[in-house]
Amino acid sequence: MSTLAPPLGPIEIEVIRNALTAAAAEMDITIWRTSRSTIVRELLDYSTAVFDSEGQNLAQSARIPGHLNSMTHALRALLADHVPPEQWHEGDVVIFNDPYCGGQHLPDILAFKPVFHGGARIAFVGTLCHHIDVGGLVAGSYAAKATEIFQEGLRIPPVKLIDRGVRNEGIWAMIRQNIRKPDLLLGDLSSQLASLEVGAAALTRLANRFGAAAMIEAGARILDMSEAGMRAAIGRMPDGTYEFEDFLDDDGIELGKRIRLHVRLEIEGETARVDLSGCSPQVAGPTNATLASTNAAVMFALMCCADASLHMSAGCYRPISVTAPEGLVVNARHPAPVAHRIAVSHRLLNAMNGALHQAVPDLIPAAYYGNSYVTTFQTVKDGGQRDVLVEIEIGGSGAHPAKDGVNAYASGMHNNSNIPIEMIEAQLPLTVLRYALRDGSGGAGMRRGGLGLVREWRIDSAHCFFTANMDRFDHAPYGLAGGGPAATGALVLRREGAESPIPPKTDNLKLQQGDVVRLETSGGGGFGPPADRAPEATERDTRMGYA
Amino acid sequence: MSVAQPVRIAVDIGGTFTDFQILDQRHGRVMAWKAPTTPADPSEGLMTGIRQAAGRFGFALADVGLLLHGTTIATNAVLERKLAAGVLLTTAGFEDVLEITRHVRRDIYGLAPDPFPCLIDRDRRFGVAERMRADGSVEAPLGDLSRLMERLREAAPEAIAIGLLHAYANPAHERALRDAVAAALPGVPVSLSSDISPEIREYERLSTTVLNALLMPVVQRYLAKLEARLGEDGFRPRIFLVQSNGGMCSLARAAEQPARLLLSGPSGGALAAERLSRRLGRPNLVAVDMGGTSFDVSVVQDHVIGLVTQGEVDRLPVRLPMVEMRTIGAGGGSIASVDAAGRLTAGPRSAGARPGPVCYARGGVEPTVTDANAVLGRLDPDFFLGGAMALDLAGARDAMATRIGAKLALSTEAAAEGVLRVTNAQLAAAVRLSLFEKGLDPRAFSLLSFGGAGGLHATEVADELGITEVVLPREPGTLSAYGILFSDLVQDIARSRLYRAEDSHAAALAEAVAGLRAEADARLAADGVPDSQRAVEVSADLRYRGQAFELLVPWPEAPALAPLLARFHATHRARFSYAAEGDPVEIVTLRAAAIGRLDKPEEAVATPAESGTAPGSRQVWQGGAATAWPVWRRERLRLSDTIEGPAIIEEAFATHVIAAGWRAALDPEGAIIARRIAA
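Protein sequence lines, in the order shown, are assigned to chains A and B. The opening position of the first sequence corresponds to residue 1 in the UniProt record's numbering, with each subsequent residue numbered one higher. The opening position of the second sequence corresponds to residue 1 in the UniProt record's numbering, with each subsequent residue numbered one higher.
Careful: at least some of the hints might be erroneous.
[To be verified] Distance windows between CB atoms, simulated: (1) B:His-303 to A:Leu-509: 57 to 67 Å; (2) A:Pro-529 to B:Ala-340: 28 to 38 Å; (3) A:Glu-254 to B:Gly-136: 22 to 32 Å; (4) A:Glu-245 to B:Asp-121: 33 to 43 Å; (5) B:Arg-354 to A:His-89: 54 to 64 Å; (6) A:Asn-168 to B:Thr-402: 51 to 61 Å; (7) B:Asp-41 to A:Glu-499: 55 to 65 Å.
[Said to hold, decoys possible] Part of the chain A face toward chain B, derived, beta carbon under 7 Å: (8) Arg-36; (9) Pro-65; (10) Ala-194; (11) Gly-229; (12) Ser-309; (13) Val-406; (14) Pro-420; (15) Leu-430; (16) Arg-434; (17) Leu-437; (18) Thr-542; (19) Met-544; (20) Ala-547.
Hints listed in this document are in silico derivations from the structure and should not be mistaken for laboratory results. C-beta atoms are modelled at their ideal positions from N, C-alpha and C, and glycine is treated no differently.
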């Protein structure tokens, strides 16, 4: 911070803050409009953000909470352990996907670019895309049965994909050779690079106008402002220690052995301490998380409780501390597999909300479905042509103290779109037979939980390899204050008229032409005693067939 | 328009006022008029206004040959949910798609979400046993419909939407259903997704079709009232309605496809921008319309307004061509506040017309952007709305001092200046995003600013953007109607089908384009457009294989694909900073705009004042001090007057601030042109 900088009043800060948010939005539009794979362009599984010169998040696009609040952790790990500050040059782009270098799981490739002004680094811009396939055991790289990260796909350490403006062709070739759909991945990666260019140009414009020193000071003040807002919000919560736990069904390897996510939340004055020491040890299968995911879930839970006008930045993280000993499912040790880290993240958020409900009962809804229903179809036509479809489905949101949960609502750590049925059928030998709300799947209560979904796919190619990675088949989303739990999920194979269950964590199940896969997702939990539900609300549920 | 009926009227019916622009070919002058809107039957206010204008400007109702009509009737019906009670028929198994939507939530940190709007409840969505494939082949034929028709009769719908999977590829099942419905429930309006939005992606097509169906009875009722007015005192003009794409359509077409009217209101402003771009010789304009609650941005590039193929109303997608417009909640009524973290914000909450800004003295207590302008002396408390309304300056000062100044330890004036700076930054960000999406540089544009509040912010927003020229058109309060006055009939036709953009597909593509042209021509003939007035513009949506979003590229005259591909790569590079010239390209949708040109009568140049008067002056706060700024009256400006900023120009329904470093003068066309003269 320069003492020579002109004084920045609240007005200038607000002007710069608006411009930083607009830069993240411009980056977002660029990826949205240019990406290639269905997972990026239709599911919208990507995020963009702007950081200060030390890697602290200053502004975010309105995309995926699980990405956005992990990127500060990732960039700071990068600066501390892998690419120290002096090794970043103008025109560089560093990419990586390694969960053990600050990432989350291998399909998520992070890309960061430094922004220079007058020879000094003043900021970073960053993007994170979930790519359709990064190799490994199964198409889509979401293997349910991996026991080491080496099976999960291509692991990219922090490398300069672009070095002072020059493409590192060796890296591009290395990636191309190790993945199933190189045109899609490299197309999406090009979108990430274009987005970084756009973000860097926006920040340069801003620096030209206000000067580098003012930008840096404004960044510091924005972080302080977010911190103050977060502190005030925590300060309004009653002091105390709140504990809650929720469970994942299993890790796909030791079937039926539940995984505990235990939260001990201490609110003291304007600070929050979250102790996760009571969580299960890391597991053999890929239902593990690294700290980037874990921190994102804890921060997100508390940020949601804050005043709606809080500016979301890394300043919000400051009054919050997280204890997560290494070797637990929330801080897995190399080389544990982590593909299904999102399940840990979702369940940790469910547990955090259960604890927060005790502190701020008027704010917190019952459990949402708490799960990303990931299905992957690798179709193989007679001629040998292979296509990959990755779908991520959702369920219902939890009932809120003041209103019913929302049917089929993207909640919690992720925020995906769905893929249009017509687009799937135009591109792959698959037919969707049904896409509907799942009657009765919402938890009962004074406020009803939102409904989950039913989706059915028919295989139209000679062969198909099917992979599933999902949870909440044994442990239902909980209700609160006397509300009932939501329905658990179901995954069913219909072959020649007979139905049989498909395990929710399945790799490369061989399907044949005419087979039908049906997914039924959880709703959200109910809130308050069902007996207190207004008669007209019950009547409407009956008329609509929701109950 | 014949000599016997020399008067053309454009009308724009808004929520509060009905605006008129009238062109009388006998002398070529364009005249503006305003009348209060009559919400119960807007045609009443329309006729009242026309009668008043006829008396005032000296024409008879029988002289009116053409009535061009912009309306927010469809938009308001959606926003206020004054829609028909309809039903949806869709492929069995997919009845819930309308409620499931596309998922993505907008407020990612919200804990108590509201569902996306769904206009037809689950108990009124009926499944139909049938199935099409993506290539248009039939997987399962339409089954027996008798039981379905029974249920429909029980439901007694006022409108019926029909949307089946892959109907864009083969509409046969939708048409057969329509015929069955017409026989079972005669007289009930029906919308087919294959007619309304024949493009891939089922939710967006359903949403558009449902909106259309539920609007049909509403719009048809209004059109019937309007037609009933014909004949009153010899009033018998041809009537056309403004669509969201900026083109006119016949009453018959509007009755069938009312969803095309959803952006009718704001598209008039965009049309005006396009016309002014030509008349003022400025090919690149970014047009901003700032009123009480919103700020609308549209872009004119090379004299042409941008169109998009999808927009939304109240979070409901509408997949029809419409003027490309970005709207943010920032206007004169936007409320300024300081939040718990000490941030000064303005909008998107608005005090609206009621209670309105504090200075309106109608019960508003929270300071607004208009209050900030009043506190600083930029608005004259005694000449607001031409003196029709006195402003409560003391109230505005008090609100600004207690609710903003005290919380930020700023003087009242510094707080008001802060509110304007924060507002201007938001306005500039919206303009920048609109240009950015097209890969355009603000410095290559002039800022065309209109609407009641536009002129107060224009030069300062231009400064934020690096724009060095601001155009303040005459009659900024009725500019949309002016745009409508000179528009054409336009019918959009779209056909979705995937082609590889390769020479092997060239013949099939040429055939499809010829078919589109023939259909466009037939539609123009049906609307009675003579041969000499017809034009058909063909374009195509292209993308790299794998992308989800397409770029609209004009179809080249030459039959080869090379020029088309070259345009696509160039557009992609301009917008997204790269082109992948080696990658395969797909054509997703072919589009034709069937244009029926309305003759464009000569518009007489406005006559500026002959003898001017010296400007007055008043004290205006800026940068912590009050100084005397000259205050000019627009109607007294002469072509020879030069206005050096800082200065204020006032007219009846608008006030303009010319910031320091800017110089303004009257253009012969009547617009005020302000230019940056110092860095």
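**Report entry** Hint numbers not upheld by this structure, sorted from lowest to highest
**Finding:** Violated hints: 3, 15, 18, 20; rest satisfied.
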